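Chemist: Using the hints, position chain B against chain A.
Letter by letter, the chains look like this.
Number of protein chains: 2
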Amino acid sequence: MSQQKEHNRRVILVSRPHGAPTSANFRLDTQPVPTPGEGELLLRTVYLSLDPYMRGRMSDAPSYVEPFAVGDVLGGGTVAIVEQSQHPDYQQGDWVVSQSGWQDYALSDGRGLFKLQGPVLKHPSWALSLLGMTGFTAYMGLLDIGNPQPGETVVVAAATGAVGSVVGQIAKLKGCRVVGIAGGEEKCRYAMEKLGFDHCVDHRRDDLAQQLKQHCPDGIDVYFENVGGKVFNAVLPLMNSKGRIPLCGLIADYNSTDLPQGQDHLPLFQGAILRKRLRVQGFIINQDYGDRFEEFFRQMSQWVAEDRLVFREHMVDELENAPEAFIGMLEGKNFGKLVIRVAMDQPGEQ
Amino acid sequence: MSQQKEHNRRVILVSRPHGAPTSANFRLDTQPVPTPGEGELLLRTVYLSLDPYMRGRMSDAPSYVEPFAVGDVLGGGTVAIVEQSQHPDYQQGDWVVSQSGWQDYALSDGRGLFKLQGPVLKHPSWALSLLGMTGFTAYMGLLDIGNPQPGETVVVAAATGAVGSVVGQIAKLKGCRVVGIAGGEEKCRYAMEKLGFDHCVDHRRDDLAQQLKQHCPDGIDVYFENVGGKVFNAVLPLMNSKGRIPLCGLIADYNSTDLPQGQDHLPLFQGAILRKRLRVQGFIINQDYGDRFEEFFRQMSQWVAEDRLVFREHMVDELENAPEAFIGMLEGKNFGKLVIRVAMDQPGEQ
Chain A
20 MSQQKEHNRR
30 VILVSRPHGA
40 PTSANFRLDT
50 QPVPTPGEGE
60 LLLRTVYLSL
70 DPYMRGRMSD
80 APSYVEPFAV
90 GDVLGGGTVA
100 IVEQSQHPDY
110 QQGDWVVSQS
120 GWQDYALSDG
130 RGLFKLQGPV
140 LKHPSWALSL
150 LGMTGFTAYM
160 GLLDIGNPQP
170 GETVVVAAAT
180 GAVGSVVGQI
190 AKLKGCRVVG
200 IAGGEEKCRY
210 AMEKLGFDHC
220 VDHRRDDLAQ
230 QLKQHCPDGI
240 DVYFENVGGK
250 VFNAVLPLMN
260 SKGRIPLCGL
270 IADYNSTDLP
280 QGQDHLPLFQ
290 GAILRKRLRV
300 QGFIINQDYG
310 DRFEEFFRQM
320 SQWVAEDRLV
330 FREHMVDELE
340 NAPEAFIGML
350 EGKNFGKLVI
360 RVAMDQPGEQ
Chain B
20 MSQQKEHNRR
30 VILVSRPHGA
40 PTSANFRLDT
50 QPVPTPGEGE
60 LLLRTVYLSL
70 DPYMRGRMSD
80 APSYVEPFAV
90 GDVLGGGTVA
100 IVEQSQHPDY
110 QQGDWVVSQS
120 GWQDYALSDG
130 RGLFKLQGPV
140 LKHPSWALSL
150 LGMTGFTAYM
160 GLLDIGNPQP
170 GETVVVAAAT
180 GAVGSVVGQI
190 AKLKGCRVVG
200 IAGGEEKCRY
210 AMEKLGFDHC
220 VDHRRDDLAQ
230 QLKQHCPDGI
240 DVYFENVGGK
250 VFNAVLPLMN
260 SKGRIPLCGL
270 IADYNSTDLP
280 QGQDHLPLFQ
290 GAILRKRLRV
300 QGFIINQDYG
310 DRFEEFFRQM
320 SQWVAEDRLV
330 FREHMVDELE
340 NAPEAFIGML
350 EGKNFGKLVI
360 RVAMDQPGEQ
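These protein sequence lines map, in sequence, to chains A and B. Residues in the first sequence are numbered from 20 upward in steps of one, following the working numbering. Residues in the second sequence are numbered from 20 upward in steps of one, following the working numbering.
Chain A on its own, in the form it takes in the complex (with noise of 0.2 Å):
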């Protein structure tokens, strides 16, 4: 069933999910279309972000962000279209940023939402990504926390995912030497081949830790943690004197219930922080850097204009699949940053 004009689409969120997420949390249904009032617009969605940080809305443990409320659509970032509008600031036809959810159509005050004009409607949908969040995500906590130096050696996990491709990228860009971290061979060539990373290990493989001590003969400056779990441990016996550690990320323990069983690792972790005098900070973007996003914006428009950052999407068509599309995610089977395709008439997408 695609977007049509009489009916909006809606994945509800209908139970919470104990550990991963399966289809029966999520339910597809159809309400009207709803019709603006005076002030307000009515927003087609393009392209819907699907976001590791979504798995943890859906559970109701405190948090930084209220949970997605059961029985209610799910949220997220959009590409949007202007259908309708009764707001003096948009008309027909414009492109915003905003935060739609999981569904067709939504109603908007205007409050929260970014136009799109210029050379980033060549891709909109980059905008809630390499030009977004997740851009914005790997640009602040690389170069305020990380704070890389030339020749300085930075490791990056999930590397061809939407943060870590573009994370590494910028420290080439700073002339550091990078080493990725990524599942698969496929992935690990592409990091390599394609965003130019000096090397990049396969997390699959039982030699994790040998192999990122042999690409990182200096030790690690930088390690950019946004996936957790066995990464970290493979990482923290490498990481220098003076090390940066910015965190945004974990979703290597997003689906545990329990803390692991075993070893009680985290006074190793706390005796590695006094002993290197690292520094490990976590950050959540808009919360910390949303007075910055101009900056970063503008920086890296330019360097996507000079074609000096590779970006991959992993695109799924129809509002219908992203439930699975998500749970996928999760396990680590996108390639690229996942987004789905809600329209597939969109206008003016090159």
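Honestly, the hints are just simulated from the structure, not real lab data. Heads up, a few of these hints could be off.
Copies of the same chain look alike in the list, so a pair counts if it fits in one copy or across any two.
Claimed, not checked - Derived pair list, reagent style SDA-like, types lysine to any residue, alpha-carbon separation capped at 25 Å: (1) LYS134 - GLN233; (2) LYS261 - ALA80; (3) LYS193 - PRO86; (4) LYS352 - ASP307; (5) LYS191 - GLN321.
Predicted model only: the values in this text are computed from it and were never measured.
Modeler: Okay, now just chain B, sitting in the frame of chain A:
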């Protein structure tokens, strides 16, 4: 046996401790007093500082400093008097801070010495603590990494110790709410009544976590970590967003030989760093802040002169008691900064 003019008592590391050190790891021997050559000084030790970091140097695990050598005299900071000088910058009777180690006499070529002059001579031993390494650690870790703001809550472990007692008092001077954690009721009372902390929780109580929660009703903004272990697990859930954790010691883990078994708390810690956007940073005072000693010394001397700081030493007489005092310190038996009075007849002390 007291300090003599005729021979040099020394405490030798005869074997590396496995787990907690025992008296069998140490041996007292006696050597001739060395004679200074051209450009050298003979220093007579008056006070020897005993500090938790020394436990790390008794092992040969990779660390930020060289381990002590087996068969050699143990190293350590000392306050000493110049007995003989063949060095143009020093004369007999000068007081200095030196790294003479666990012995009565040491030669020096003047490098790394710090001459004591003026008001600090009222309490020469404070040059090893309040106005020396431990005070410097407290000052820089709290102010530079912790960055406490008026009205914020600062929690400090080992609250009556050489570092913790100073951290808490500086935080009070900066207008913070200060809650200490210490071992036993006597220490807790001291922290509240003498050091002026708002509260102090006994970490030996079963309800440590609840007590801490009750006395930090607005959460914790800065946790000055110098202990590790279970105290950390009680603090973590109370950390506020954008909280800071300067980390300068992990005495609870220093005697550990294996990682604890049971749950792996590492994902919990990483998750908290992410969700709460914490900054966790290790530091080694002289390596990270060596160039700011003067700033510290000037400010701290002023607070001391204005009677705004209380400081307690745990003074133990005679060098031969150093091993037992050191072993006890790692068990929390000291109450205040542990110092060995090596010279019982020291001139100039008041």
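Chemist: Does each hint hold? Answer for all of them.
Modeler: Cross-check of the supplied hints:
Proximity of LYS134 to GLN233 under the C-alpha cut-off of 25 Å is found in neither arrangement, the shortest distances being 47 Å within a copy and 48 Å between copies. Taking identical chains as interchangeable, the C-alpha atoms of LYS261 and ALA80 lie at most 25 Å apart only when they sit on different chains, with a minimum of 19 Å there against 33 Å within one chain. Within a single copy, LYS193 and PRO86 get their C-alpha atoms no closer than 37 Å, and across copies no closer than 37 Å, so neither meets the 25 Å cut-off. In the homo-oligomer, the alpha carbons of LYS352 and ASP307 never lie at most 25 Å apart, since the shortest distance is 30 Å inside one protomer and 43 Å across protomers.
Proximity of LYS191 to GLN321 under the C-alpha cut-off of 25 Å is restricted to the intra-copy arrangement: shortest distance 16 Å within a copy versus 49 Å between copies.
Hint compliance for this structure: hints 1, 3, 4 are broken, all remaining hints hold.
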